[in-house]
Each structure stands twice: as C-alpha cells, then as structure tokens.
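Peer 1: One letter stands for each residue in the lines below.
Number of protein chains: 2
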Amino acid sequence: MSAIDPRTLRNAFGTFMTGVTVVTTRDPEGKPVGFTANSFTSVSLDPPLVLVCLANSSRNRSVFAEAPGFAVNILSEGQKDISNTFARPVEDRFEAVTWRDGPFGAPVLDGVSAWFDCSRHKLVEAGDHVILIGKVEAFDDSPVPGLGYARGAYVTPAMEARALASQAELMVSALIEYQGEVLLIPGDDDSLALPVARVGKEGVSAALAQLIAEHGAGIEPGFIYAVYEDDDAGCQHISFLCQAAEPVSRHGTFKTLVPPVLAKIADPAMRTMLERFAAESRIGNFGVYYGNQVSGKVRPIAAGSGSQ
Amino acid sequence: MSAIDPRTLRNAFGTFMTGVTVVTTRDPEGKPVGFTANSFTSVSLDPPLVLVCLANSSRNRSVFAEAPGFAVNILSEGQKDISNTFARPVEDRFEAVTWRDGPFGAPVLDGVSAWFDCSRHKLVEAGDHVILIGKVEAFDDSPVPGLGYARGAYVTPAMEARALASQAELMVSALIEYQGEVLLIPGDDDSLALPVARVGKEGVSAALAQLIAEHGAGIEPGFIYAVYEDDDAGCQHISFLCQAAEPVSRHGTFKTLVPPVLAKIADPAMRTMLERFAAESRIGNFGVYYGNQVSGKVRPIAAGSGSQ
Numbered sequence: 001m002s003a004i005d006p007r008t009l010r011n012a013f014g015t016f017m018t019g020v021t022v023v024t025t026r027d028p029e030g031k032p033v034g035f036t037a038n039s040f041t042s043v044s045l046d047p048p049l050v051l052v053c054l055a056n057s058s059r060n061r062s063v064f065a066e067a068p069g070f071a072v073n074i075l076s077e078g079q080k081d082i083s084n085t086f087a088r089p090v091e092d093r094f095e096a097v098t099w100r101d102g103p104f105g106a107p108v109l110d111g112v113s114a115w116f117d118c119s120r121h122k123l124v125e126a127g128d129h130v131i132l133i134g135k136v137e138a139f140d141d142s143p144v145p146g147l148g149y150a151r152g153a154y155v156t157p158a159m160e161a162r163a164l165a166s167q168a169e170l171m172v173s174a175l176i177e178y179q180g181e182v183l184l185i186p187g188d189d190d191s192l193a194l195p196v197a198r199v200g201k202e203g204v205s206a207a208l209a210q211l212i213a214e215h216g217a218g219i220e221p222g223f224i225y226a227v228y229e230d231d232d233a234g235c236q237h238i239s240f241l242c243q244a245a246e247p248v249s250r251h252g253t254f255k256t257l258v259p260p261v262l263a264k265i266a267d268p269a270m271r272t273m274l275e276r277f278a279a280e281s282r283i284g285n286f287g288v289y290y291g292n293q294v295s296g297k298v299r300p301i302a303a304g305s306g307s308q
Numbered sequence: 001m002s003a004i005d006p007r008t009l010r011n012a013f014g015t016f017m018t019g020v021t022v023v024t025t026r027d028p029e030g031k032p033v034g035f036t037a038n039s040f041t042s043v044s045l046d047p048p049l050v051l052v053c054l055a056n057s058s059r060n061r062s063v064f065a066e067a068p069g070f071a072v073n074i075l076s077e078g079q080k081d082i083s084n085t086f087a088r089p090v091e092d093r094f095e096a097v098t099w100r101d102g103p104f105g106a107p108v109l110d111g112v113s114a115w116f117d118c119s120r121h122k123l124v125e126a127g128d129h130v131i132l133i134g135k136v137e138a139f140d141d142s143p144v145p146g147l148g149y150a151r152g153a154y155v156t157p158a159m160e161a162r163a164l165a166s167q168a169e170l171m172v173s174a175l176i177e178y179q180g181e182v183l184l185i186p187g188d189d190d191s192l193a194l195p196v197a198r199v200g201k202e203g204v205s206a207a208l209a210q211l212i213a214e215h216g217a218g219i220e221p222g223f224i225y226a227v228y229e230d231d232d233a234g235c236q237h238i239s240f241l242c243q244a245a246e247p248v249s250r251h252g253t254f255k256t257l258v259p260p261v262l263a264k265i266a267d268p269a270m271r272t273m274l275e276r277f278a279a280e281s282r283i284g285n286f287g288v289y290y291g292n293q294v295s296g297k298v299r300p301i302a303a304g305s306g307s308q
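Residue numbers (the UniProt record's numbering), protein chains in the order written: chain V, 1 to 308; chain Y, 1 to 308.
Derived from the structure by calculation, the hints contain no laboratory data. Misleading hints may appear alongside valid ones.
The list cannot tell twin chains apart, which means a pair is met if one copy fits it or any two copies do.
[Stated by the list, open to error] Below 25 Å or equal to it, Euclidean Cα-Cα: the simulated SDA-like pairs (lysine to any residue) are:
id, residue 1, residue 2
1, LYS297, HIS215
2, LYS297, ALA245
3, LYS264, VAL144
4, LYS201, SER58
5, LYS122, ASP5
6, LYS297, GLY180
Small disclaimer: the values here were computed from a predicted structure and weren't measured.
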C-alpha cells in the first residue's frame, strides 16, 4: 500500500494492459488534429458509445471539447511509429500517416485494427482530465492484430505468439551406455525413453551436461550419435552417445536392447536409433545418423577421435 | 464500414487490447460481491480517479451504484481462472480466491498486478452501461505481469516474451563445395560467410533444401559437417557439406580457401570450420565436428556412406 504519490500511482495504473489509439478531429479551421491515447474504453452497445480521457493540460483539449465529434483509431501491431508521432510534439503529425475523412468527418488512419467515427455524446469533467464520450456513427475493423501497451512499453502478443509458433524446438537426448546396456527412463503406460531435455539459450552442451548430471556421477558426455527432426512435433533432436563408469543412475535403469525392451520405446525415431545402436554394438562400429523420424543416412565414424 | 450491428460492433470493440480486472465491493449485508471487467481505465492523477463500466442489466448494478466504494483488482498473467470465476454464474465467487479487505473496505485479491481501493466519486449514465468513477483511497502494485485480453481471448505477452527469450535459435549453414572451392556470400564491410538460414518449424532438412535452392540447381544436400553452438549469440548451428555440380550460384562466388579469403570470414566459428575444411581437403579425409564457437572435437568419418 502507498500514500497517493502521483508517480507511484502512475506506475500502478500502468500495470493495466491497454491497446493504443490515436484520437482525431478537425479544428475550427478544418485542420486535422490528433493525439495518442490509451485511456480508451468501449462503454455501451445500444446506443453505441465509447470514451476516451483527455488531459485538461493538453493543447488539444478545447478543440476536442468543442468539436462535433472525434474518431478513435485502434493502432495495429506495426504502428508504433504512428503512436510515437502522435505522442510527441511534431509540427504536422498527419504528414507522417496515410489518412482519410471518416463518414462523420474525423480523420481515419490507414492500416489500423479498427476505427470508430463518433459524434460528441457527452463530456464529463473528471479531475485533471475530461472524459469524452462519443456515439459511434460509423466504424470498421480489420483482422490486423492490435498494438498493446503495458508498464510503459509496447507489447505485441500476436507477433510474439507467431514467432514462438514458428520456432523450431531443439531437444537433446543422451544415449548413456555401459557395456552394451543403455540407460532408459520409465514413462507412462510402461513405456521407456532415453533421458531427454529441451535446449534453451544455455546451448546444447550445457543442456547435455545438466541432463547427464541429473543421472549421477561418472557419466562422460560423448560425441553426436544422431541428428534427426521429428516433423510431427516440429522438434529437432540431437542425440549424444555417452559412457557411464558404472551401470547405476538416480533415475531409470540400464537395460540390454533386446526386442521386448525396444518395443517399449514409445518414440519411433528413438526406437529406430536404438535399434541401430544395438546392431552397431554387435559389430563394434558406430556411425553418425542424420535424418528425420522416418528415414535418413548414417556415416560410420572412425573409432579414434581427433580434437581441435 | 458497417451499419451499427451490435455483434459486429462488439467484435470491433474487441480489437482494443485490455487488461482484465475484478471489481469488488460489499453488498448492504456485508457480503463480498465482484465481477470481471475489462472496461477499466485510469482517468486522473490529481485527484486520483479511475473508471469502470458496468452493464445496467447486471445483477450487481444496484449494489455497486449504491456502495460507498469499490476496489479494482488488476489480474496478473496467471489469474485466468479468477477472471473466469468472476465472469460466470458461480454461487460464491470469493470461495475460489484468497482475498482480504482493502483499507477502504472493498475486497482486494491476492497475487494481482495492482489493486485500487476507491471511494465512489461519480456515477455517469452512458447508454446500456453506467460508468463508475472512483477516487483511489489506497492502492498497491507488484512486479507480476498483467493478464491481457484481445479479440475474445486472453493474451500473456510477458509470458510469451520470456518463452521466446529462453528458446535456443537453430541455424543451418551450407558448406557448398566444388573441386575444393567453397561458395561464399559477400556481406557488409567486405566480409564473407557461408549461406545461412534460420530453422523454423519446417525443420533442418527443409531449411537446408530451401537454402540450397536459393543458390541454383545442381547442388546436392550432403551430410552434417559440424554442429556447434555460438554461446555469445545463443544460437545452435548445424553445417552441412554439400556438393555443387558446377561452380556457379545466383548469389556469392566459389573461392579457394586461401588465408586472405579465410581472413574475411567474419564469424570466428565459421572461420575455424572452414580452416578445418581447407586442411581436410588437402588430405581428402573429412570429419564431423561438435563443439562451441571456440573449441570442440572432430570425428573422422568413412568416405563411403551407409543408409537406413
């Protein structure tokens, strides 16, 4: 709790996420005027009303208070520049945007998520601001996601959601071997899997090191054994062949890869890789695999290892 | 543009992103009451005023219109359930939340981004809603990011930004060779680089195929040549050794990896990899590399390739 300190209060107000609007009208000489506002809210559907708050200290106050109407333009996620232009002391703010007159006469901007061209319905004095209530005379919207604002910074959740959805997920798995047996972790439904971890910003090596450390001491991270993508899950996997000093682990158990064990590996790509490992173990010659969850190619590697 | 159809108008209103609040008070019997609202806005700093709109059809209307005050709770990103509870006909909405009395007497919820406990300042009739204007008597905020709402769905931009920031970026590069020469792309400042592309949900193989296709026909995607992480940039790189049928490309040129050419490779990890390639080309024996941008290990692979 705080005493009512304006700066602290402003920060607390800022926790409420908002869209960003540019509110426009024409001054008595017909010149377009406008300002950036996030203190907008829809009020009523029937009659259709919206409101926006305007500071009494604003140089636009009298123009908007006396105008027959105003338009509210809901900025879209790519319109940060327009928000900044209409928030700063710019000589001609409208020079920087493409706009037209709305049906009721206030300027409507191109490329917005929605606009509402309003007649003046009511003015309400409220402290250091005036609440402009407008009656929507005409409006339109588009599917373009809106620009947001929270705690003093723009937010573009739709853009970030698209970026997240388009990004490949990188997974690392450890094929931890001890004298032909492999460490397998029990899952649901009696299934088995290799230890797997998602790779974050820390990188593959660090993710592998942490994955191994979870299973106990004496496990040495080894070389890449397979790089494959799971197209269905949109995941990229990198598997490492690692050596254990003894067949014990905090989780899971070391098992010989006989067919009944392999049959319990739920992930088909992982199962194929372990079938290859079982076959290669018999002949003592290991390769590096590259492909996807159904097919790929293997390059045998020399038993010794160079380094650089 | 549309005629004023309430359903279309509601959708257009929904393009404006908002936070989500739960507005609370106590009824004349002292029972806590509350409802979910996103039609909140801060109005004035001095005096400190906020407003929220309440439908005339709401069963809470008379309670809130007659109460001496109300609290606005700005929900945080993890409080979707609370938003749903206070938006649905639930017998005792307060049973599902942890709350206490605010300093001015209205219920304040735990874990919110901010709360404002208000005295009633003014009521403004506005169409099918009433605008409750409250004077902030006490408030508090927390660093927890807020819950958002846009076009009928919750948004959590801070959560998505954290997920994006924590995700490893996966890059694919093509070491396209023709008789010992390698295709290099000119960059800024007279620098050179291998063709590189970011890997999205389409996966490494598809990204490599597209990268190669951009450079012309007759280039065969080959096997993994290096897997390395760039810890500085938080990127994971997978490089493929590919063969060109002829030394021509739409972009860049094929060059022999002599020291003056290698010196122009701006990325140190890429330069190290190409130095290895130059050395391996001389002895005709190629390996697979794994490491980070400064060190790693190479496993020589057999010249022939198996497949599965």
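Peer 1: For each hint, tell me whether it holds in the structure or not.
Peer 2: Verification of the hints:
1. Taking the shortest Cα distances, LYS297 and HIS215 sit within 25 Å of each other only across copies (24 Å), while inside one copy they are farther apart (30 Å).
2. Taking CA atoms no more than 25 Å apart as the test, LYS297 paired with ALA245 passes between copies only; the shortest distance there is 21 Å, against 30 Å inside one copy.
3. In this assembly of identical chains, LYS264 and VAL144 lie within 25 Å of each other by CA distance neither inside one copy nor across copies; the values are 47 Å within and 43 Å between.
4. In this homomeric assembly, LYS201 and SER58 never come within 25 Å of each other (Cα to Cα): the closest approach is 46 Å inside a single copy and 48 Å across copies.
5. Within a single copy, LYS122 and ASP5 get their C-alpha atoms only as close as 30 Å, which misses the 25 Å cut-off; across copies the closest is 22 Å, which meets it.
6. Proximity of LYS297 to GLY180 under the C-alpha cut-off of 25 Å is found in both arrangements, the shortest distances being 23 Å within a copy and 24 Å between copies.
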